[in-house]
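One-letter residues, chain by chain:
There are 2 protein chains.
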Amino acid sequence: MNHSEYLKGWSDRYRTDALENILPFWLEHGWDRVNGGVYTCVDREGRLMDSTKSVWFQGRCGFIYSFAYNNLDPRPEYLEFAKSCIDFIEAHCFDPADGRMYFEVTADGQPLRKRRYVFSECFAAIAMSEYSLASGDKTYAEKALRLFKDIQRFIATPGMLEPKYLPTQQAVGHSVTMILINTAARIREAIADPALNEQIDKSLEMIRTLFVHPEYKALLEMVTPDGKLIDTLNGRTINPGHCIETAWFLLEEAKYRNWEPELTKMALQILDWSWDWGWDEEFGGIINFRDCKGFPNQDYSQDMKFWWPQTEAVIATLYAYEASGDDKYLEMHKKASDWMYAHLPDPEFGEWFGYLHRDGTVAQPAKGNIFKGPFHIPRMLIKSPMIIGEILKK
Amino acid sequence: MNHSEYLKGWSDRYRTDALENILPFWLEHGWDRVNGGVYTCVDREGRLMDSTKSVWFQGRCGFIYSFAYNNLDPRPEYLEFAKSCIDFIEAHCFDPADGRMYFEVTADGQPLRKRRYVFSECFAAIAMSEYSLASGDKTYAEKALRLFKDIQRFIATPGMLEPKYLPTQQAVGHSVTMILINTAARIREAIADPALNEQIDKSLEMIRTLFVHPEYKALLEMVTPDGKLIDTLNGRTINPGHCIETAWFLLEEAKYRNWEPELTKMALQILDWSWDWGWDEEFGGIINFRDCKGFPNQDYSQDMKFWWPQTEAVIATLYAYEASGDDKYLEMHKKASDWMYAHLPDPEFGEWFGYLHRDGTVAQPAKGNIFKGPFHIPRMLIKSPMIIGEILKK
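Top to bottom, those sequences are chains X and W. Per our numbering, residue 36 is the first one in the first sequence, and the count goes up by one each step. Per our numbering, residue 36 is the first one in the second sequence, and the count goes up by one each step.
Hints in this document: simulated from the structure, not taken from any laboratory. Don't take every hint at face value.
The list makes no distinction among identical chains, and a pair is therefore deemed to hold if it is satisfied within one copy or across any two copies.
Unchecked claim - DSBU-like, lysine-lysine: derived pairs with alpha carbons at most 35 Å apart:
hint, residue 1, residue 2
1, Lys290, Lys363
2, Lys118, Lys328
3, Lys184, Lys199
4, Lys184, Lys149
5, Lys263, Lys149
The structure presented is a predicted model; accordingly, all values stated were derived computationally and were not measured.
The whole structure should be built from the sequences, with the hints applied where relevant.
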């Protein structure tokens, strides 16, 4: 097969999986038609095993079904489901005391937990901006932008987000830095505001100057405010899937800037490094965690294979091929995609497993929990054909 | 072999392992002779991989080396090491603002993290009371008692320990209930005070009325304040190793009460149930987590085998044999001890591995981190010969 046949084959497979397997699964088993919004804690067969609602997933699901409507197939039920999640968010997921969002709520929206991060807010914002594009209702883009500015204010206001560590250990995190790039970039599709590009510039500068560490060939997860390694088990942790996700956020931004050479180069470098840390030569797949000095990582799931690092590698390698034309990225894509398809889909009850042992066997077969639901898998299945379309246009 | 030969064989093996392997390992690799106290984040060979100090382990180690001095061999370096940990605690581990203790500090004692629980305080208190018995210095027993009363005050004072969940979900935890039994019982050995037995009575009543759930044949980890199942993934979680540890805390208390029949019966019932949930018939060993309704548990380590559930099963089955004379508990002891010895000890670099896959292979080989250090293994190695001694006296 030549390259374009391979690419078309992948594209068809991904689209079909989104349309016929993943998106219908959550419409059927996730959508709460009583209270609105989405349940994600479902077992292998899709049976509800916990009615706790993840606030992240109200936003993530609202984004995904709007994104599918915009880029895959404009089915009315996609828009309805997305709207249901966004309505649930607006009715129940904000703490009136300070405008911050909760982390978990009950089925009918009573608050259960609030945490010290802004991810709930970021996912809600991209749901609103994507829904604005899908529905044509500009007010949702405005809401997304207001929420984005609230996020910036929460981060900038001392005392609003309680730090995990006491002042002895000052730290800055890669997670929030990278999610703000993607959040701003998604909102920018729906509404213009200088704050969005300013945030992207700022986050890119932080990644370049603080988190990229060539001496370890690694993008670190947490460093001191002046970018030094925190020489502890947590500070030395490499999360290859997370870095690979960042790599494609950067490639997406590089493309927006007509493949700005410096940014493209940094993104490809991060992908190459992170693939080397993450790809398991013995069993295949992207492994969860490594230590940049080679000590045993102490996260209990360190040698497991989760679903999302695999899906992020599938997107990132395609983007890298689009950016560079280098065949090695198509080979990496084939490896990542083949391993993913050999281990993740559930042939019996649909959707994909999420939690595998290092050797690819299933550790536990639930289809969702507060961290797994309709996000990484459908985003990859929708996004990859879009990238392939761009490659084939050349 | 007859029973007493088996029992003597186990006793010798445990004592020898404590004296020649486990206790020397932490004296050599853990003791911080510069700042005092103990490091626990060491790799397979005992090399320091993170100088963060676990506050739990300053207390746990202070307890263990005092306990070894009192019950195994009165070696002066045991007492010195214990004192070093307790001195470090008193110098660095209390927050002067509210008297509560930290969770992690730096090598030289600067505070890193404080959490919402009282485990740091409980471990410090048993270190002090055990050290009081070892050294003969009664002031440490008085300190332990004062700290115990502080713990009770922290728990009783609204607002001092920030709850994990918002008021929508009121919950009480098995962990703190059971640790207070053991903490009070340890302190009672060194100093008399009505508050100690009152706490034990109160905790026993809570276990009996709130956490024991015959309809699931389970001791639950978290329930509503009136003892109802919280029907969520977390609420349904069974932690067999934890329940088995509670079972022997209860057997110890039952013995203190001349084998009070009701308490003995409840403890044996908890052990039987928890063994049935935890013992892995396919690969052996006690597994980490189960769901009381049979859904897949969502903890990433749910099917792993950690070191401490194995050591707790070794103690609990011996105690159960002492309590009941029922041979089935000796058979369970043999199973647990054989599996433990087949998989945990590191023949090459000493000490024991802590984190195994379900099939007993090593997931990562470090000897310690902020949750593994000199505690469960040496406690089992010292405690088991003490129980065997009592059995053989009969």
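* **Same-copy or cross-copy closeness of Lys263 to Lys149 [CA-CA at most 35 Å]** => both (30 Å within a copy, 24 Å between copies)
* **Within, between, both or neither: Lys118, Lys328 at alpha-carbon 35 Å** => Between. Shortest inter-copy distance 33 Å satisfies the 35 Å Cα cut-off; intra-copy 47 Å does not.
* **Alpha-carbon proximity between Lys184 and Lys149, which holds within one copy, between copies, both or neither at 35 Å** => both (20 Å within a copy, 31 Å between copies)
* Is it within a copy, between copies, both, or neither that the alpha carbon of Lys184 lies no farther than 35 Å from that of Lys199? -> Classified as both; 23 Å inside a copy, 28 Å across copies.
* Identical-chain pair category, Lys290 with Lys363, by Cα at 35 Å -> within (20 Å within a copy, 69 Å between copies)
Checked against the numbered hints given earlier, this structure breaks none of them.
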